[in-house]
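Last residue of the sequence shown? That's 194 in the numbering used here, and every number before it is there in order.
The hints are simulated quantities; they were obtained by calculation from the structure and are not laboratory data.
The reader is advised that the hints may include incorrect statements.
Said to hold, decoys possible - Result set (SDA-like, lysine to any residue): computed pairs, CA atoms no more than 25 Å apart in a straight line:
(1) K152 with G164
(2) K40 with A74
(3) K85 with S67
(4) K72 with D55
(5) K82 with N51
(6) K82 with H119
(7) K72 with T97
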Amino acid sequence: MRCYINKSVITCMVFFFGILSVEPQIKKESIKNNISNSTKIPVLIIDGFSNHQWDTNTKYLRKILESTGKFKVAVSTCPNQKENKSEWENWNPDFNTYPVVIQTCNNIFREDSLQWPNHVKQSFEKYVDEGGGVYIYHSAANAFKGWPAYNKMIALGWRNKDFGVAVTINDKEELEVIAKGEGENTRHGARTDA
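With the sequences and hints as input, model every part of the structure.
Put into C-alpha coordinates, the structure is as follows:
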(Lines of atoms letter the chains of each structure in order from A and count residues from 1; the text may use other names and numbers.)
(Lines give C-alpha, C1' and ligand atoms only; values in the text may rest on other atoms or scores of the structure.)
Protein backbone atom coordinates (compact mmCIF):
# COMPACT_ATOMS: atom_id res chain seq x y z
CA MET A 1 0.00 0.00 0.00
CA ARG A 2 0.98 3.63 -0.38
CA CYS A 3 0.23 6.53 1.88
CA TYR A 4 -0.06 10.20 0.97
CA ILE A 5 0.00 12.92 3.56
CA ASN A 6 -1.58 16.06 2.17
CA LYS A 7 -2.18 17.79 5.51
CA SER A 8 0.29 18.88 8.19
CA VAL A 9 -0.33 15.87 10.38
CA ILE A 10 2.22 14.53 12.81
CA THR A 11 0.90 10.99 12.80
CA CYS A 12 4.32 9.54 13.56
CA MET A 13 4.55 11.35 16.89
CA VAL A 14 1.01 10.40 17.89
CA PHE A 15 1.82 6.71 17.46
CA PHE A 16 5.24 7.07 19.09
CA PHE A 17 3.99 8.77 22.22
CA GLY A 18 1.16 6.25 22.32
CA ILE A 19 3.64 3.55 23.30
CA LEU A 20 4.71 5.73 26.23
CA SER A 21 1.26 5.49 27.79
CA VAL A 22 0.00 2.05 26.81
CA GLU A 23 1.68 -1.11 27.99
CA PRO A 24 1.58 -3.63 25.13
CA GLN A 25 -0.47 -6.78 25.44
CA ILE A 26 2.06 -9.57 25.71
CA LYS A 27 1.57 -13.15 24.56
CA LYS A 28 4.98 -14.65 25.17
CA GLU A 29 5.63 -16.09 28.63
CA SER A 30 9.32 -15.11 28.62
CA ILE A 31 8.42 -11.49 27.98
CA LYS A 32 5.76 -11.51 30.71
CA ASN A 33 8.34 -12.83 33.16
CA ASN A 34 10.84 -10.17 32.13
CA ILE A 35 8.31 -7.40 32.75
CA SER A 36 7.05 -8.77 36.06
CA ASN A 37 10.63 -8.93 37.39
CA SER A 38 11.36 -5.33 36.46
CA THR A 39 9.72 -1.97 36.88
CA LYS A 40 10.83 -0.93 33.40
CA ILE A 41 9.54 -2.25 30.08
CA PRO A 42 12.34 -3.62 27.87
CA VAL A 43 12.43 -2.03 24.39
CA LEU A 44 14.75 -2.93 21.53
CA ILE A 45 15.70 -0.38 18.87
CA ILE A 46 16.91 -1.88 15.60
CA ASP A 47 19.08 0.50 13.58
CA GLY A 48 22.08 0.51 11.24
CA PHE A 49 20.99 2.18 8.00
CA SER A 50 18.61 4.82 6.76
CA ASN A 51 18.34 7.74 4.38
CA HIS A 52 18.12 9.83 7.59
CA GLN A 53 20.67 10.06 10.40
CA TRP A 54 19.91 6.72 12.03
CA ASP A 55 22.48 7.09 14.82
CA THR A 56 21.06 10.48 15.82
CA ASN A 57 17.51 9.12 15.70
CA THR A 58 18.53 6.26 17.98
CA LYS A 59 20.17 8.62 20.45
CA TYR A 60 17.02 10.74 20.73
CA LEU A 61 14.60 7.82 20.80
CA ARG A 62 16.59 6.28 23.62
CA LYS A 63 16.71 9.56 25.54
CA ILE A 64 12.95 10.18 25.14
CA LEU A 65 12.03 6.67 26.28
CA GLU A 66 14.49 6.43 29.16
CA SER A 67 13.61 9.89 30.47
CA THR A 68 10.09 8.63 31.27
CA GLY A 69 11.50 6.11 33.74
CA LYS A 70 9.21 3.45 32.20
CA PHE A 71 11.57 1.83 29.70
CA LYS A 72 14.88 0.00 29.62
CA VAL A 73 16.22 0.50 26.09
CA ALA A 74 18.65 -1.75 24.21
CA VAL A 75 19.97 -1.20 20.70
CA SER A 76 20.93 -3.75 18.06
CA THR A 77 22.74 -2.28 15.06
CA CYS A 78 22.66 -4.17 11.79
CA PRO A 79 26.22 -4.41 10.47
CA ASN A 80 26.87 -3.18 6.94
CA GLN A 81 26.56 -6.27 4.73
CA LYS A 82 29.20 -5.06 2.24
CA GLU A 83 31.79 -3.85 4.76
CA ASN A 84 31.32 -6.46 7.53
CA LYS A 85 29.92 -9.53 5.78
CA SER A 86 30.82 -11.95 8.58
CA GLU A 87 29.36 -9.70 11.29
CA TRP A 88 26.26 -9.15 9.13
CA GLU A 89 25.77 -12.89 8.61
CA ASN A 90 26.12 -13.51 12.37
CA TRP A 91 23.95 -10.59 13.50
CA ASN A 92 21.01 -12.08 15.39
CA PRO A 93 18.97 -9.76 17.64
CA ASP A 94 16.92 -11.57 20.28
CA PHE A 95 13.48 -10.08 19.58
CA ASN A 96 11.77 -12.43 22.04
CA THR A 97 13.35 -10.68 25.02
CA TYR A 98 11.39 -7.49 24.28
CA PRO A 99 7.66 -6.72 24.29
CA VAL A 100 8.35 -3.82 21.90
CA VAL A 101 10.78 -3.53 19.00
CA ILE A 102 11.28 -0.12 17.39
CA GLN A 103 12.36 -0.64 13.78
CA THR A 104 14.27 2.35 12.33
CA CYS A 105 16.11 0.80 9.35
CA ASN A 106 15.33 2.18 5.92
CA ASN A 107 16.86 0.90 2.69
CA ILE A 108 14.92 3.05 0.18
CA PHE A 109 16.89 3.37 -3.07
CA ARG A 110 19.38 0.72 -1.84
CA GLU A 111 17.40 -2.51 -1.59
CA ASP A 112 20.20 -4.35 -3.37
CA SER A 113 22.88 -3.38 -0.83
CA LEU A 114 21.08 -2.84 2.48
CA GLN A 115 19.08 -5.73 3.92
CA TRP A 116 18.72 -7.78 7.05
CA PRO A 117 20.01 -11.36 6.82
CA ASN A 118 17.26 -13.86 5.96
CA HIS A 119 17.48 -15.54 9.39
CA VAL A 120 16.79 -12.16 11.06
CA LYS A 121 13.83 -11.52 8.75
CA GLN A 122 12.42 -14.97 9.62
CA SER A 123 12.96 -14.38 13.33
CA PHE A 124 11.24 -10.96 13.11
CA GLU A 125 8.28 -12.47 11.22
CA LYS A 126 7.92 -15.16 13.90
CA TYR A 127 8.13 -12.54 16.67
CA VAL A 128 5.34 -10.50 15.07
CA ASP A 129 3.22 -13.60 14.29
CA GLU A 130 3.43 -14.62 17.95
CA GLY A 131 2.25 -11.23 19.19
CA GLY A 132 5.44 -9.20 19.60
CA GLY A 133 4.88 -5.45 19.52
CA VAL A 134 6.49 -3.44 16.73
CA TYR A 135 6.72 0.28 16.19
CA ILE A 136 7.81 1.32 12.70
CA TYR A 137 9.66 4.58 13.28
CA HIS A 138 9.37 7.31 10.64
CA SER A 139 11.35 6.36 7.53
CA ALA A 140 11.22 2.64 8.35
CA ALA A 141 7.89 2.75 6.46
CA ASN A 142 10.09 3.16 3.37
CA ALA A 143 12.02 -0.03 4.00
CA PHE A 144 12.04 -3.55 2.58
CA LYS A 145 9.52 -3.14 -0.25
CA GLY A 146 10.56 -6.56 -1.60
CA TRP A 147 9.75 -8.33 1.69
CA PRO A 148 6.06 -9.37 1.54
CA ALA A 149 5.69 -10.06 5.28
CA TYR A 150 7.10 -6.63 6.14
CA ASN A 151 4.62 -4.97 3.78
CA LYS A 152 1.82 -6.71 5.67
CA MET A 153 3.27 -5.64 9.02
CA ILE A 154 3.38 -1.95 8.11
CA ALA A 155 0.07 -1.98 6.14
CA LEU A 156 0.78 1.45 4.60
CA GLY A 157 4.24 2.30 3.33
CA TRP A 158 6.19 4.72 1.24
CA ARG A 159 5.74 3.10 -2.16
CA ASN A 160 5.24 4.20 -5.76
CA LYS A 161 1.76 4.27 -7.26
CA ASP A 162 2.28 1.00 -9.15
CA PHE A 163 2.96 -0.89 -5.89
CA GLY A 164 -0.61 -0.97 -4.57
CA VAL A 165 -3.58 1.05 -3.39
CA ALA A 166 -3.02 4.36 -1.61
CA VAL A 167 -4.79 6.21 1.14
CA THR A 168 -5.00 9.98 1.29
CA ILE A 169 -6.90 12.67 3.13
CA ASN A 170 -8.94 14.70 0.65
CA ASP A 171 -9.89 18.39 0.80
CA LYS A 172 -12.95 17.51 2.90
CA GLU A 173 -10.62 15.85 5.43
CA GLU A 174 -12.05 12.43 4.56
CA LEU A 175 -10.09 9.27 4.01
CA GLU A 176 -9.90 8.42 0.31
CA VAL A 177 -8.65 5.19 -1.27
CA ILE A 178 -6.79 5.51 -4.59
CA ALA A 179 -6.50 2.47 -6.88
CA LYS A 180 -3.15 0.90 -7.75
CA GLY A 181 -1.47 2.78 -10.60
CA GLU A 182 -3.59 5.90 -10.14
CA GLY A 183 -2.78 9.17 -8.41
CA GLU A 184 0.74 10.21 -7.59
CA ASN A 185 3.74 8.46 -6.12
CA THR A 186 4.06 8.66 -2.36
CA ARG A 187 5.34 11.97 -1.10
CA HIS A 188 5.06 14.50 1.64
CA GLY A 189 4.82 18.26 1.55
CA ALA A 190 7.69 20.68 1.88
CA ARG A 191 9.34 20.91 5.29
CA THR A 192 8.20 23.79 7.47
CA ASP A 193 9.14 25.07 10.89
CA ALA A 194 5.50 25.58 11.93
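Now the hints, each set against the structure:
1. Restraint check: the Cα-Cα separation between K152 and G164 comes to about 12 Å, which is no more than 25 Å; the hinted pair holds.
2. For the hint pairing K40 with A74, the CA-to-CA distance comes to about 12 Å; that is within 25 Å, so the pair holds.
3. Between K85 and S67 the alpha-carbon distance is near 35 Å, which puts this suggested pair outside the 25 Å criterion.
4. For the hint linking K72 to D55, the alpha-carbon distance of about 18 Å falls within 25 Å, and the restraint holds.
5. Restraint check: the Cα-Cα separation between K82 and N51 comes to about 17 Å, which is no more than 25 Å; the hinted pair holds.
6. For the hint pairing K82 with H119, the CA-to-CA distance comes to about 17 Å; that is within 25 Å, so the pair holds.
7. At roughly 12 Å between alpha-carbon atoms, K72 and T97 fall within 25 Å of each other, so this suggested pair holds.
Hint check: a violation occurs at hint 3 only; the rest are consistent with the structure.
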